[in-house]
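Sequences and hints are given; from them, build the entire structure.
2 protein chains.
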Amino acid sequence: MKASKQFRGGKQTKIKDADAELKPLSSGDKAKDKMLVAELATQIAVQQEMLFAAGKHKVLVVLQGIDTSGKDGTVKDVFNVINPQGVQIVNFKAPSSIELAHDYLWRVHQQVPKSGDIVVFNRSHYEDVLITRVHDWIDDAECERRYAQIRDFERMLSETGTTIIKCLLHISKNEQRSRLQERIDDPAKHWKFDMQDLEERKSWDKYQELFGKAINATDADHAPWYVIPANSKTHRNLAIATILLETLLDLKLTPPDPKPELKGLKIE
Amino acid sequence: MKASKQFRGGKQTKIKDADAELKPLSSGDKAKDKMLVAELATQIAVQQEMLFAAGKHKVLVVLQGIDTSGKDGTVKDVFNVINPQGVQIVNFKAPSSIELAHDYLWRVHQQVPKSGDIVVFNRSHYEDVLITRVHDWIDDAECERRYAQIRDFERMLSETGTTIIKCLLHISKNEQRSRLQERIDDPAKHWKFDMQDLEERKSWDKYQELFGKAINATDADHAPWYVIPANSKTHRNLAIATILLETLLDLKLTPPDPKPELKGLKIE
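Protein chains in written order, with full-length UniProt numbering: chain A, 1 to 268; chain B, 1 to 268.
Take the hints with a grain of salt, since some may be wrong.
You can't tell identical chains apart in this list, so a pair holds if it fits in one copy or across any two.
[As the list claims (entries may be wrong)] Here are the simulated lysine to aspartate or glutamate pairs, EDC-like style, with alpha carbons at most 16 Å apart: (1) Lys56 <-> Glu99; (2) Lys173 <-> Asp19; (3) Lys32 <-> Glu154; (4) Lys114 <-> Glu99.
It should be emphasised that the hints constitute simulated quantities derived from the structure, not laboratory data.
What follows is the structure, encoded as structure tokens:
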């Protein structure tokens, strides 16, 4: 069985605090786990080079998670070893006025991968059914409409050659407390802290409920959700690297064909 | 009854040569008809200004039709009176290599209207189920998948505030012959002539069949198709201007509210 299977979300997914502590992929030895992440990242880089050379498949990785859940850390630890020419990291911040004047998928669709590319969404169109619903900027009926629109959108991407992986980085409320406290206590981390984060923390339960709902509504075999226990950063990296590598291996990429006409060619 | 209703396509639409000659909206007097087009265009311009000022609705007009059917002429005759600040004309040509490396809706979605705007697609995503199918670049199964994707895409646009009108400019095979011949005989029109047009003309019947299929598969009340008898350019303009105006009137736009705080304000 694939290691990634055990993280699959689905119709019955509930996001529970306790699950954030799990480390099913850990060897029990942190140093060893870190080595494993580095090995996986190297294998991912090999796959990515074949993906880029073939220019056939498109790969989209969606990272979602509450503040401090480790989205930036994942990008740094898992994706930095890949040739930046074939990987784009897209950060979705609060929409601009021109973005707000379009449908919410407009800015998202612009950033989807082209053939040969891996694109990582650091936050995504799922914000449009999360923060927007938490703050009652949209109601339940609109939220359901958006789930359906997102299902349609992701099915179209899949049918036109995009392999999609969606990861919810799941931390516990306690873990968030200690990570926020760390950002407050360490002046070097102040730039990562925003008073708004404390406001959002008040809606913790609502976020957990909406994570579950979004996963239930939009999980599909062609656009699977994975719920990543992420209290341990090393385990989080291990899980995401494993899922990404398993997904790339499923594409059965092969090294690009040599060109016979180059045989024996001498440059003058 | 609205004048536009009689042009509505639907599940049973067949594209027949004879229908291209019809002129149901004509007064019988060409000069009078042209005056009417000018009047309609002026009324459209008034509506557009309210649309722009309110910045709430988005309007998308799709123009499709075989070579020489009058897409450029429609843009010139019906849309030129509108303030260009609130109208964008988007010409979809053969896709670039970067466009081909994405899903076919990628370049289309980028160009959809934002709030307050009217966007006219001169050719559109429907090329991806027309020329592509005529030349067997895609098969029937892929064509059906695309119909479904286009339905989903247009439903999403509609649900997020876009009013959609789709017009097939319908000319007869004879009319195309005479228009192509004119482009050949008049050196000033050579730039509009492409040898490829003669190749495409060989697939006339296939195009007519696929127009009908696309309309049957993608007509919806929120994204209606209109089949415009277009052998007469004046009648074509009359029909499209009528449909556009009726559609804008349905939005029940109102002049922007005056600002009470400006009352009596004197500039020093």
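Verification of the supplied hints:
{"no.": "1", "hint": "Lys56 <-> Glu99", "verdict": "between (30 Å within a copy, 14 Å between copies)"}
{"no.": "2", "hint": "Lys173 <-> Asp19", "verdict": "within (11 Å within a copy, 68 Å between copies)"}
{"no.": "3", "hint": "Lys32 <-> Glu154", "verdict": "neither (37 Å within a copy, 51 Å between copies)"}
{"no.": "4", "hint": "Lys114 <-> Glu99", "verdict": "between (21 Å within a copy, 8 Å between copies)"}
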